[in-house]
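Colleague: Using the sequences and the accompanying hints, generate a full structural model.
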Amino acid sequence: MIVSMSTVTNINEDAVAVPVRQDVLAAVSNAEYYNPHEVLGGHLGTGKGADTVTVRVLRPMAKKVVILTKNGEYEAKHEYNGIFTAVIPAVKHTKTKSWSVPSYRVYTVEIDGSESTDDDPYRYLPQVGELDMYLFGEGRHERLWEALGAHVKTITDSWGLISPETGKMVKKVTGTAFSVWAPNARAVRVVGNFNYWNGRRHAMRSLGSSGIWELFIPGVTAGEVYKYEILTQSGNWIMKADPMERSHEVPPNTGSVVVDSEFKWHDTDWMDERAKTDAHNGPISIYEVQANSWNRDLGNYRELADHLVDYVQREGFTHVEFMPLTQYPFSGSWGYQVTGYYAVDSRLGSPDDFKYLVDKLHKAGIGVIMDWVPAHFPKDDFALGRFDGTALYEDPDPMRGEHPDWGTYIFNFGRHEVRNFLVANACFWLDEYHVDALRVDAVSSMLYLDYSREAGQWRPNIYGGRENLEAIDFIKEANATAYKNNPGIMMIAEESTAYQGVTAPTDMGGLGFGLKWNMGWMHDTLQYLKEEPINRR
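If you're matching positions, the sequence shown starts at 937 in my numbering and goes up one per residue.
These aren't lab readings, by the way, just hints derived from the structure by calculation.
One thing to keep in mind: the hints can contain errors.
Computed cross-link-like contacts, DSS-like style, restricted to lysine-lysine with a CA-CA straight-line distance of at most 25 Å [claimed, not checked]:
#1 K1315 - K1291
#2 K1107 - K1212
#3 K1006 - K1104
#4 K1006 - K1108
#5 K1031 - K984
#6 K1291 - K1420
#7 K1104 - K1200
#8 K1420 - K1452
#9 K1212 - K984
#10 K999 - K984
#11 K1028 - K984
#12 K1089 - K1033
#13 K1089 - K1200
Modeller: Okay, here's the thing in structure tokens:
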């Protein structure tokens, strides 16, 4: 949109902008302020200036900024280090005798002469609700994936927006709401292709004691790559993928990807029958698959579906068990060191591609089991480890927070938000992807504080025992919540010790699993098959 200087107007020259301290302006201009919405965006004046709105925008490379409304265009003056300020008329509401901030857009001419007209992220209310924050803090948000992460949203704009293409008023705005938990961060920014990986334009707002930071960015839609820039208490900026990402760049790239599913399920009959069936008491014959290596000539989940379904049906299996299909960094592994717990492994396609695979298996009468790894996670610097500069997802005690054999971090199962992250993750796969069962990996490593540790390398629990009480409580909660919310599913333990009550109900003191892998039988059978026939006795 080209703005002619002849159309630019100014209201009363005596109108005064809402004042802001210079130290706050400095922090905002560096995108280091905990609440940039307090300064940027539109703010009603007070007293004699109650009929005006002060609009501040941060445009570090601009030489000219104009605020556009349906009633006029108002040139902004440079105030401080890339912050431009304009005082514009407020909208008067006759019935209530009150004033409000009008809808507006920002026209910018950059130093290099390029022009743009865009919406202002700082004129929108928080997209994370009070109830979401409360439940998360309590560790009880069973649909956490709907509150945190990156969500494409269309927001109704009460006064409308001026379309730069048509010049007409548009009453809806589409963009992406970003939110992330980083309670110890001094500041958080969203960076991505949409801002040339310069986070100064998109500093997030802290939602107080919840530890959540959020920002709605108009115009950002599905397919955009993004990360979070986090300012630690020590003053260092670190860049992290989104813990709640739904999709991820194909490794070795490490960015998160905004998604907006368009998939239509066709497995209603299967899901209805699942809800009425006790899967534990029926015949089960499981075919275990490592999806990336099953047939290396197949390029994605959709091609895999076409071939795998036929094979499994022909061989007479009732279920397919996939080794982890969550995002993991090292392509040479089987996927048991997870970095993206809510993301489908992008090597074989998109979330909708994986839904297609599950859908086709269900239509063929085949159940889907997925390996789930809540016991530990890798130390890759772009992922969960030291997420906000502190031991956030991992236990801060090295004797409890690091696994000596695998070189990985162990989750802090006693922290409400971390436990919620994992419990909701189990529900996510069962609900969003129609997975029929989770086979929980490395349960033994969670149950015991001395697992794979020598004397002096572990501390007993509060009762002097070796059981990891917080992990046991987490396992019980995960199983109970999964079964409550998803009738007909199975929770399966991969547990290699003689722990009592693995498959006993939680109300009887058990862990609440429905089934347990017979590790001894599996080991002995494989050992037997490895022998030459003459030695098989």
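Colleague: Please go over all the hints and tell whether each is borne out by the structure.
Modeller: Against the structure, the hints:
With a C-alpha separation of about 29 Å, the suggested pairing of K1315 with K1291 is violated against the 25 Å cut-off. Of the supplied pair hints, the one linking K1107 and K1212 is violated, its CA atoms being roughly 44 Å apart against a limit of 25 Å. Taking the CA atoms of K1006 and K1104, the gap is near 9 Å; set against the 25 Å cutoff, the hint holds. Proximity of K1006 to K1108 is assessed by CA-CA distance (about 15 Å); at most 25 Å being required, the pair is judged to hold.
Of the pairs offered as hints, the one joining K1031 and K984 holds, with about 20 Å between alpha carbons and a cut-off of 25 Å not exceeded. Between K1291 and K1420 the CA atoms are separated by roughly 23 Å; this keeps the pair inside 25 Å, and the hint holds. For a cut-off of 25 Å, the pair hint linking K1104 to K1200 is broken: about 34 Å separates their Cα positions. This hinted pair checks out: K1420 and K1452 have alpha carbons roughly 19 Å apart, not beyond 25 Å.
For the hint linking K1212 to K984, the alpha-carbon distance of about 67 Å lies beyond 25 Å, and the restraint is violated. Pair hint K999 plus K984 does not hold up; C-alpha atoms about 31 Å apart against a cutoff of 25 Å. Between K1028 and K984, the direct Cα distance comes to roughly 14 Å. Compliance with the 25 Å bound is thereby established for this hinted pair. Of the supplied pair hints, the one linking K1089 and K1033 is violated, its CA atoms being roughly 32 Å apart against a limit of 25 Å.
With a C-alpha separation of about 19 Å, the suggested pairing of K1089 with K1200 holds against the 25 Å cut-off.
The structure fails hints 1, 2, 7, 9, 10 and 12 (numbered hints given earlier, in ascending order).
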